[in-house]
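Here the protein sequences line up with chains A and B, keeping their order.
Numbering-wise, my numbering puts 88 at position 88 of the first sequence, and it's gapless, one number per residue.
Take the position in the second sequence, starting the count at 1, then add 112; the result is the number in my numbering.
Incorrect hints may appear among the rest.
[Said to hold, decoys possible] Simulated pairs of lysine-lysine, DSSO-like, Cα-Cα distance not exceeding 30 angstroms:
#1 A:9 / B:370
#2 B:364 / B:145
#3 A:9 / B:435
#4 A:34 / B:435
#5 B:433 / A:34
#6 A:82 / A:40
#7 B:370 / A:60
#8 B:370 / A:40
[As the list claims (entries may be wrong)] Only part of the chain B face toward chain A is listed, based on derived beta-carbon distances under 7 angstroms:
#9 374
#10 438
#11 479
#12 482
I should point out that these hints are in silico values taken from the structure, not numbers from a laboratory.
By construction, the Cβ of each residue, glycine as well, lies at the ideal position given by its N, Cα and C atoms.
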Amino acid sequence: MKIVMAIIKPFKLDEVRDALTAIGVHGMTVTEVKGYGRQKGHTEIYRGTEYAVSFLPKLKVEVAVAASQLDKVIEAISAAAKTGQIGDGKIFVFGLEQAVRIRTGETDAAAL
Amino acid sequence: MKSRTPYRIGLAVLFAGLFAATGALADAPVVNKGDNAWMLTSTVLVLLMTIPGLALFYGGLVRTKNMLSVLTHVFYTVCIVILIWSFYGYSLAFTGGSPYLGGLSKAFMMGMTTDSTASTFSVGANISELIYFCFQMTFAAITPALIVGAFAERMRFAAVALFIPLWVTLIYFPIAHMVWYWAGPDAIADAAKALAAATDEATKKLAQAKLDEVLADGGQVYLWGAIDFAGGTVVHINAGIAGFVGALMVGKRIGHGKEIMAPHSMVQTMIGTSLLWVGWFGFNAGSNLEASGGAALAMVNSFLATAAAGLSWMFAEWIVKGKPSVLGILSGAVAGLVAVTPASGFSGPMGAIVLGLVVGVICLFFVTVVKHAFDYDDALDVFGVHCVGGIVGAIATGILVAPFLGGTGIMDYATGKIAEYDMWTQLISQGKAVGTTLVWSGFGSAILYKVVDLLVGLRPSPEAEREGLDLTDHGERAYDL
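Please build the complete structure, drawing on both the sequences and the hints.
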């Protein structure tokens, strides 16, 4: 099992969700986050006072998937979240040791 | 104030009617119900300016952790000043005494009943004194509320709680008295009539002495001939300089110039500014005290100058900084409202537009260039907008009142005609009014801040300031997100 963590542009969330649903991934966790990579921040000016805002708002999407599904998931997220501009985000993959569905007690693949 | 038997239902109406018919009450002041209705309306409009108008305008400009602190400062100020006004504020500001401060004859609203009347700016036109009391009370309430923006995000509530009552008592009431207290049109017209009717030398001498006495019964700034329709000096310069001194004495916010202190909600600032504009019609057009053409002129000017200033600030910022900002157009509108306040009942409409265009750019310059050059932390630009805008307005009023520039001229109640106008003389009077307010409020406020600092301390601990005053002063959080 793997955890796929994708940092994406906020307005791409629905497309990513649809793409993942289409390949059979049911369930994800989304968090509002701030950060920066190659995309620089922007400047805000209030009554002449300039503030450099270097942390930009992004969404962090986390999905737990079976290892066999990993390539399809990465492909789906990449295609859905892509605009071709700097700031499209990144995808990170971690190993996942164990999963439990709290309601039923099912474990691992059955719990995903 | 003279009183008059009120009309009552049933037989009382008949009796009162009989009395009136026999002329027993012929000289008693008559209240105009239309004027009363307008002034009741204006009074609540000015309250709307303060809460929630000013509170939201300021609140949107601070960080989330200090939102409730600002709202509390404003609401507290309104409540405490209302009570003080009834105890001794109205009496000190609007009764005769010295040219610098009124007396205590109406302390605790002594002698004020539903029959009491207050004069307006027309001979024979009166409103209920209780309404005049409330109307002027809302002015006394909003003025110190303006100050809190300058030292926002870094003044303990205990310090504000003590400073506000001291400030209205020792700074606001004297200035309001000096600028606005006068004997009223009826007293002057009556004395002038008596003088004209006098036939022999002895009565003439007596009548002249009486007229001189009535003409001298006013505040010092009024006696200098300075005009201030709705409070350029009394409200805006007064509060603006007090805020400036406060910002200097309490010091800069921790992290000023290094950390991001961007406004947390431009939406609330926009709502607040719009409520300010709506309420300001009560402030300016209400200051006419009558629902007459004069009120309509003040309303027209409060539309035109505000629109002009909002645009001039925004376009100037667009040219200089590259983007037309919402805070720019909002700040410009407030600057226009401030500047037109003293001029609203005196300037012609086109004069008001010129005033708005000019003040928008001047205030932008003070807020963006002067503030950074001298590096003081006037958090919400109380000095740059209210004091500077107020000074521009107070001086410009002396020019725009000129009949040849479309202004109304200044009424001479002794002759019943518009007085001779000399621009230079008027500008000197306006300058003296500005100078007096700056000096009295500037130095007076400095002393009061010092006293408050010694008694309770102005500044929260650095930890409390970092945490935010909402939690440390009030134990509440503005948003649960």
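> Are the Cα atoms of residue 433 of chain B and residue 34 of chain A separated by 30 angstroms or less?
Replying inline: OK: residue 433 of chain B and residue 34 of chain A at ~27 angstroms, within 30 angstroms.
> Does the CB of residue 482 of chain B sit less than 7 angstroms away from some CB of chain A?
Replying inline: 10 angstroms, violated
> Is it true that the CA of residue 34 of chain A sits at most 30 angstroms from the CA of residue 435 of chain B?
Replying inline: 25 angstroms, holds
>> Just to be careful, I want the Cα atoms of residue 364 of chain B and residue 145 of chain B compared with a cutoff of 30 angstroms; is the pair within it?
In response: Violated, at roughly 51 angstroms.
>> Run the distance test for residue 9 of chain A versus residue 435 of chain B: straight-line Cα separation, threshold 30 angstroms.
In response: 25 angstroms, holds
> Between residue 9 of chain A and residue 370 of chain B, does the CA-CA distance stay at or below 30 angstroms?
Replying inline: Holds, at roughly 28 angstroms.
>> Would the hint on residue 438 of chain B be counted as holding, given a Cβ-Cβ threshold of 7 angstroms to chain A?
In response: 10 angstroms, violated
>> For the restraint on residue 479 of chain B, tell me whether the closest CB of chain A is nearer than 7 angstroms.
In response: 5 angstroms, holds
> Given the proposed pairing of residue 370 of chain B with residue 40 of chain A, does the C-alpha separation stay at or below 30 angstroms?
Replying inline: 19 angstroms, holds
>> Given the hinted pair residue 370 of chain B and residue 60 of chain A, is their Cα-Cα distance within 30 angstroms?
In response: 29 angstroms, holds
>> Need the status of pair residue 82 of chain A, residue 40 of chain A: alpha-carbon distance at most 30 angstroms?
In response: Measuring from Cα to Cα gives roughly 18 angstroms; hence the hint holds.
>> Please check whether residue 374 of chain B passes as an interface residue: C-beta within 7 angstroms of a C-beta belonging to chain A.
In response: 5 angstroms, holds
Checked against the numbered hints given earlier, this structure breaks hints 2, 10 and 12; the rest are met.
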